[in-house]
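Peer 1: If you read the sequences in order, they're chains A and B. Numbered by the numbering used here, the letters in the first sequence go through residues 361 to 868 in order. Numbered by the numbering used here, the letters in the second sequence go through residues 61 to 267 in order.
Fair warning: there could be bad hints in the mix.
[Claimed, not checked] Derived EDC-like pairs (lysine to aspartate or glutamate); straight-line CA-CA distance at most 20 Å: (1) K571/A with E110/B; (2) K415/A with E110/B; (3) K801/A with D834/A; (4) K407/A with D248/B; (5) K759/A with E845/A; (6) K407/A with E542/A; (7) K571/A with D169/B; (8) K759/A with D169/B.
[Said to hold, decoys possible] Just a sample of chain B residues kept apart from chain A, beta carbon distances all over 10 Å, derived: (9) D73; (10) R100; (11) D194; (12) L213; (13) T242.
By construction, these hints were calculated from the structure, which means they are not laboratory data. All residues carry an ideal CB built from backbone N, CA and C; glycine is no exception.
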Amino acid sequence: MSSAFLGFPTPPPRAPYATGHLRGDQSFPEAAHTALDDTQQRRNLGKATATIRGKRDQVADELPDWEELRSAGSALKADVLARLPELLERFEREVTERGGVVHWARDADEANEIVTRLVADKDSDEVLKVKSMATQEIGLNEHLGSAGISPVETDLAELIVQLGADRPSHILVPAIHRNRAEIRDIFLREMPGVDPNLDDDPVRLAEEARKYLRSKFMSTRVAISGANFGVADTGTLSVVESEGNGRMCLTMPETLITVMGIEKLVPSFTDLEVFLQLLPRSSTGERMNPYTSMWTGVTEGDGPEEFHLVLLDNGRSATLADGVGREALQCIRCSACLNVCPVYERTGGKAYGSTYPGPIGAVLTPQLAGMHESRDDPNASLPYASSLCGACYDVCPVKIDIPSLLVELRHQHVEQSRYTAEAAMMRASSLAMSSAKRFTKAQRASRLGRVLGGADGRISALPPPLNAWTSARDLPAPPKRTFREWWDSEDGREAVRAARREAERGES
Amino acid sequence: MNARDVVLGRVRDALAAAPPEPVTVPREYRGGRESSGEQRLELLVDRLGEYRADVYRCSVAETASTVAEALGDARLVAVPGGLDASWTEEFTGRVEVDSAESPVRWLEDVDGVVTSSAVTCAETGTVFLDAAGDQGRRALTLVPDLHVCVVDLSSVVLGVPEAVGRLDPVRPTTMISGPSATSDIELDRVEGVHGPRTLRVVVRVDG
Chain A
361 MSSAFLGFPT
371 PPPRAPYATG
381 HLRGDQSFPE
391 AAHTALDDTQ
401 QRRNLGKATA
411 TIRGKRDQVA
421 DELPDWEELR
431 SAGSALKADV
441 LARLPELLER
451 FEREVTERGG
461 VVHWARDADE
471 ANEIVTRLVA
481 DKDSDEVLKV
491 KSMATQEIGL
501 NEHLGSAGIS
511 PVETDLAELI
521 VQLGADRPSH
531 ILVPAIHRNR
541 AEIRDIFLRE
551 MPGVDPNLDD
561 DPVRLAEEAR
571 KYLRSKFMST
581 RVAISGANFG
591 VADTGTLSVV
601 ESEGNGRMCL
611 TMPETLITVM
621 GIEKLVPSFT
631 DLEVFLQLLP
641 RSSTGERMNP
651 YTSMWTGVTE
661 GDGPEEFHLV
671 LLDNGRSATL
681 ADGVGREALQ
691 CIRCSACLNV
701 CPVYERTGGK
711 AYGSTYPGPI
721 GAVLTPQLAG
731 MHESRDDPNA
741 SLPYASSLCG
751 ACYDVCPVKI
761 DIPSLLVELR
771 HQHVEQSRYT
781 AEAAMMRASS
791 LAMSSAKRFT
801 KAQRASRLGR
811 VLGGADGRIS
821 ALPPPLNAWT
831 SARDLPAPPK
841 RTFREWWDSE
851 DGREAVRAAR
861 REAERGES
Chain B
61 MNARDVVLGR
71 VRDALAAAPP
81 EPVTVPREYR
91 GGRESSGEQR
101 LELLVDRLGE
111 YRADVYRCSV
121 AETASTVAEA
131 LGDARLVAVP
141 GGLDASWTEE
151 FTGRVEVDSA
161 ESPVRWLEDV
171 DGVVTSSAVT
181 CAETGTVFLD
191 AAGDQGRRAL
201 TLVPDLHVCV
211 VDLSSVVLGV
221 PEAVGRLDPV
231 RPTTMISGPS
241 ATSDIELDRV
251 EGVHGPRTLR
261 VVVRVDG
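Bound-form chain B, shown alone (with noise of 0.2 Å):
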């Protein structure tokens, strides 16, 4: 018999040894929450402040110059194939798009990193990537040490229920809360060891 079959076996002996009592799951756990789009923003500031995570507020037509300031003193900045061009008309240096075809070791060279999100979780501060053309494969915001996320208010949910509802299982996904951090030394917190040292989030409150 193959590994298989004799693990599968002894589950099943298992089971027969001792059978378990048929489960049904409590579900009274919150979900399916309405919240108001300030409840949600106020909620979502506070939680990425204590990730230290820098937060900018604007509105859909400041896209440009917000996204440019969060930037700050970057050079080369990388984009996600499907990002809309004009988020990043404002900045000064060179945007370089990313794609599969690209060797991952150039994007050590890049400063900075500009993606859209699929979807926010204000109770927990965490912004969800779903590797969509906007938010491009997994090692663009990995690599860089710098990532500036757009965000919509419209796809901020309240609780991780509510979140998690809203994904496609098989795309890779990628659930970011802050910056990299370890509390490995001491227990002291410090800020990328691996990934990206700065997370800036850029809210459209009207997006």
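Just chain A, with the same shape it has in the complex (with noise of 0.2 Å):
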């Protein structure tokens, strides 16, 4: 080591336990319940995720280069995080030359104020979304609110689910848990100016929703953006969609607020050329989405006159301490790993109580905001929530290891807590599995669990601690005999010797 010691750095802090929208209030297991009960929510994440799936296998099969894509993606996305303050310097230089203003925000609260400072100052009580995961995240639509601002989300989906004061269940379609018979009451009883006599028509809930939007895109002076990638070395900000909502907010008010999470960037313009690939095949199952738009700072007589940008912390350095799990940080938000996931099928994404559901959600969310802070935390229950089966990480487009990760989050879990049932079972097995002697009583001993199984002789409920395990899974019930119960009895003497008459016969 050549480097002068210079202390030990501080690990930096997650983003705050009770801001923003990185924490549910309930546990995994819970809300899960919950969701299952939902059979129509059940039905139609089934359908969208199996029609997504379909369309994903398809054209990602087309491109014969995809392996050299995503080993591509991945890549740059690891230079990218391993570069970062070099990179977040250059972007920020590039960004200023061409007339934006640059804005750091440390967390949730931090970027809230900004936004609402930027919005205040313009003399607006309006203001145009286009969907953000970011503005998502950090609660900036409440945040606003509560200074006497009205975000007005113009996703169509996201306008369903802020109308029907609801939360979303994924990432790329937040409305999918709806029918189209939900969306038209939504509309009926929350839309000013709606047709009293709409009907249930697709074609005709998105004329209404239109012409709703229309009109705020004529008069509101200022909007509210997302980014999903920002190229370092020209300061160049990109939004990927299909609706032209996002085209609109980018290029009709006077003033342009980006919201923009500091792992974000691609570090040259030509790498966009990988991105552009693996993106609207990962997410939509589209060769390409409708649009894309991509601009620099501002831009004289087209678009808005004024374009901030807030590069935003709020856990992601955290994330990037940890040598194993700043992987997640990879993420481009594709949701393809939720549309292979059987946990989130079942599901739906409000289960994991975080911006961020799935999978990726599921290792991202305890990395932003931790899991430990209390007992039961529920942040500690999402790496549980997966069966590992490693379907994730074979759609990844930037081959995020996320069953690998799942595990290094449990096994941090275990090593932080005292009080989980892994750890006290595993402590116990260890003393068990230490002595011969001791083993053998624990397993008569463990025959006392029949009792427990029902019927079709499965635990569905354990005594507490053991009921953190059983509150997801049922167990099986142990069997009547120990294995060196039953080598020592009759019917277990006669079955050796039928093998042994079997291989005998079978060498002659």
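Now that you have both chains on their own, put them together as the hints suggest.
Peer 2: Here you go:
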């Protein structure tokens, strides 16, 4: 080591415990129970994920260099994380030189305050919003509301969620849990100026949303967006979308405010050639999404006169400090891992309690916001919200090894917490297994578990603390006899003799 | 310390706590591919069709008649200031030139818009507009309900890397793949929630 010792670095802080939407108020198993009872949602999600899954497979298979693109995407994102300080400074310089104003936010509160101040400075009490994970993560809408500013979501699905006072259930199609009849009812109830004879034809529903939002686009002077990519070497920002509401928000108002996580950089403009192939195919299963906008600072006579960029930490630097877990910061938010996840498909996104649901959310959320601040932190249940089947790793366009990260987080959780059922069981089994006599005794004792098994021989509820395990899983009841008891018994000996006869016949 | 220094300091601390390996980016994916005009044309027409965009093939000499046909029964049409005026010569309705000084609202009364394009990717059916004089400001191709876009086959490339390589990064750029669409209601595709509901691409095969 040649570098000078500068003292121990302080671990960067996580996202604040109670601000924004990085923690639910229920553990995953509790929330999942409620979700599993919602048959409408399960039906809708089943149909949606199966459809998108099929389309994604088709368009990914179409590219003979898909694996090479994945490798390049993964390496590019790893490179960004490895060189983040230098790339962030370059990006800031480029944006500033092209007429943008860069703000930095340590956490959700600081980002919310910056945005709210910028909107208030424009004497605006209404802002347009294009769907953005970052602003949802920090709870910006709620914060603006408390300052007397109304945020208007312009993505159709986000609008449905907002008008329904609901929460999103999917990253990409946030209102997928709603059917057309429910959407019609929400519009009739909540959308000003809606046609009272509205039926539930999707074309008519989209038309009403278009009418309502058009008037907003023509009159609102400030818009807020997220960003899919920020290009370090040119200061270019990019938003990928379908409906045109993104283009509207990015070009019509006088002032544009973009909130972007510090990990969303790509090194150079050319690198967009990789991500513009990976993202649409992984996310909606399209060769390309209908609209992508790219802008660098401000351009006279075209689009907003003022551009503000808020660079958000909110736990990202803490995630970066974990040499293993930092891989989750490569995520480009395509949602492919949600669509292949058997757990997500049945529970839906709300059960995860975070803006980031599904397999990637189960890795990212506990890292951004922590999972051990209290004994029953809901985020501590997220690394267990997976069957570790590996499908999410197979589809991830930037090759994030989500199953291994989940196992690592389970390990960290057990290490950090002295209270988990898993930790208690592991301690008990290591004691039992350290001596043959104790092991035999323990096996006999486990037979007592049979009384807990139902008629189907399955245990669905154990007493505390073991209920932490059975609250989300059934456990087979222990067998009547231990293996050693069977080996020593008459039918055990007979089975061994029969096997031997069988083997001898086979040889002769 | 200000927020900037704090965040950058945290990022440096994080990397010091777990120093990353230097990364070499593998670039084995396809790029710089050569292709024939017929190959690109066939691919582009197929992709645009799948997006439910209408495609018109013509020669440079037939531009005016084809543009007029693509504009259909539009009455008032807006064009960017740098567009070749001969392109709309055979259109019988009114043609107005858009400019940065006109309020965006006037575009609401416009039935359609005619523009050129910067580059087009055949494999994904994507037209790139870069706000040059013959493409206009971004709002022009966004607010009216019909967009007629003229694409020269010589500006069509096979793949995304070839297209991105032809762009000027600092120009405001819009990539268009079919008309505006949403699948938010039970995954039923509906055209035109906010942007143009109809996209007509005029491909000049000898241009």
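Peer 1: Look at each hint and say if it fits the structure.
Peer 2: We went through each hint and held it up to the structure:
1. K571/A with E110/B: Violated - the C-alpha atoms of E110/B and K571/A are around 27 Å apart, more than 20 Å.
2. K415/A with E110/B: Between K415/A and E110/B the Cα gap is close to 13 Å, so the pair holds against 20 Å.
3. K801/A with D834/A: 24 Å, violated
4. K407/A with D248/B: 12 Å, holds
5. K759/A with E845/A: Violated. K759/A to E845/A sits at ~48 Å, over the 20 Å cutoff.
6. K407/A with E542/A: Distance of about 17 Å is within 20 Å: holds.
7. K571/A with D169/B: Status holds; Cα separation ~14 Å.
8. K759/A with D169/B: 48 Å, violated
9. D73: 4 Å, violated
10. R100: 15 Å, holds
11. D194: Holds, because the least Cβ-Cβ distance between D194/B and chain A comes to about 14 Å, which exceeds 10 Å.
12. L213: 19 Å, holds
13. T242: Check fails; 5 Å does not lie beyond 10 Å.
Of the numbered hints given earlier, the model fails hints 1, 3, 5, 8, 9, 13; all others are met.
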